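Visitor: Residue strings, one per chain:
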Amino acid sequence: MTMERARLLSVGTSNPPDYYTQQDIIDRYRVANPAVRSMFRASHIKGRYLVLPPRDDEGRPTESQAQLLEKHRRWSLTLGAAAIEKALAGTGLTTADIDYLCCVTSTGFMLPGLTAMFIRHLGFRVDCSRADIVGMGCNAGLNGLNPVVSWAQSNPGKNALMVCCEINSALYVYDDSIDTGVVNSLFGDGCAAVLVRADETDEPAFAPRVLGFESHLIPDAWDAMIYRWQEAHGKFSFGLARDVPYVLGLHADIPVTDLLHRHGLHVRDISHWLVHSGGKKVIDAIKYTVGITAHDVRHTTGVLADYGNLGSGSFLFSLQRLLDERVVRRGDYGVMMTMGPGSTVETALLRW
Amino acid sequence: MNAETVRYEERGEVAHVTLLRDRIDMQLVRELTAVCNHLEDDSATKVVVFRGAGGVFCRGIDYADFKPDQPVDIHGFGKWEKMCVRIERLRKVTVSVLEGAVVGGGVQLALVTDARVMAPDATLQLDEVHHGFLPGMATYRLAKYVGLGHAKRLVMRCPVVTADEALRLGLVDRVTADVDAATDAVIAEFGPTHVVAVTLARRLLNESYEFSYEDAIGHFLAAQHRSISQTAFLETLRKKGGE
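Chains A and U supply the protein sequences, listed in that same order. The first sequence runs -7 to 344 under the numbering used here. The second sequence runs 36 to 278 under the numbering used here.
Please keep in mind that the hints were generated in silico from the structure rather than gathered at the bench. Treat the hints with caution; some may be incorrect.
Between beta-carbon pairs, the in silico distance windows are [to be verified]:
| # | chain 1 | residue 1 | chain 2 | residue 2 | range |
| --- | --- | --- | --- | --- | --- |
| 1 | A | M(-5) | U | E39 | 55 to 61 Å |
| 2 | U | L272 | A | D10 | 46 to 52 Å |
| 3 | U | G226 | A | D261 | 31 to 37 Å |
| 4 | U | I263 | A | V118 | 54 to 60 Å |
| 5 | U | I109 | A | A286 | 37 to 43 Å |
Please read all numbers here as calculations on a predicted model, not as lab measurements. We put the beta carbon where it would ideally sit given N, CA and C, even for glycine.
Make the full structure from the sequences, and use the hints.
Guide: Okay, here's the thing in structure tokens:
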């Protein structure tokens, strides 16, 4: 008996209610540093959904590390619930039908983790298997999907659900410096859920099979993206090295080539590219290294423009937009690609 | 390479692609696509030369491929354009040698290559509009070479363009009776072919009418970062550092 490949059956996404243009943020926090102001005004992000805190008399956000962690917990539950509801809508399933739950987050640490919280609050069964992928960054959606797909293929007919919850506003550190400006002008809040199942029978559902994964770590760039404690702020803070987008781009074709060759394919055979919306530079670098066009990454740049960098679930927002376009045909191949701390490039091959 | 409409030969670093049929039909499109696959996947050559056989480059579309009593089919035109863009984006330098008639799709084939050498008695013509259809994506590429005014004249009035005029318009790079020597000279001008740098440069040039400066500067920096990370540039630094 040949093993049935797991399929991505449905996607759901959610964001917090408040939307801010880049100018809104500059005004709100009275950003004075001209270099930081110009970072916000770069044209590639129009606006972002964010959960922003009250301000002090100077206009600065006032949130302790404890409040940031609580924001992550509370909004992960709210947005996670909404994304899960949308992913399951129309499938005939409820959370009680889910047999394996994987939660992905890098924007707050909690123990017990998100999976335990979701089971407690959202109607999942207490015997639902679970895994929490914590602290792996923007690439983590594919690091989570890999074991989810393996689990689904080992348990044909059972339902697996992956939920990426990134409340990036819970990483907010404000000091008018370039370092925090890079982060504060880039990341947005959002959750995405995807239902995965390997059916024993060949049902007619039109959904992509996941054919394989390929990873590539760049050990020399291990500290190019790093989240660490800042004694001066009494907070954790995330930092991005200046050239990391280009370094990631330079290595992006290695896992893509390996993944495609393993399946007897070439870049020209790929109809759909679902690349993490990491930022304008890294998207450009991937275009000119892998040899793909602005059209190929239209959803990646579109999601970046409308949401900013949503972290681990970002590529699922692109998948949602691709599905909404209704241009995919049976037999088409797609590549999903996420990049993040490590530094790393993760890839997966899809076929509809 | 097993093909009826195309002859494929490799001599050193140069691949020679000869169109054995002077009209474009679906078999030619399929076999040129197979040539592109071979060039990308299995060929160590750095330069590709396209030319016709029997003193004619290409007379354009083969009307025998269409039957007036059959339903309209746009699919074949799509396949042809897809093949053209494959040639335009090959990770090799491309040269076309234009002899005799260069008509319709033949002109477009010339436009997607990186350099064009033309015989003095050869002529170019985009004759499609006079026959009631469109000259493919030449409508997209031509104005970038000659400007919108000349492009409108060439596409809407379908004049026969002499080699001298083609040279004046910038449609071709060299006009000479000895096209073989000129082709060798053009290949020599490309110098040591640093594939990454030369193909990234070509892509940025092809895209130069498409993007705003804000987008284009990002593309340039990404492409430049990739170029200066290659061994070719490091070797240049070593050599220049020793001077």
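Visitor: So which hints don't hold here, by number, going up?
Guide: 1 and 5
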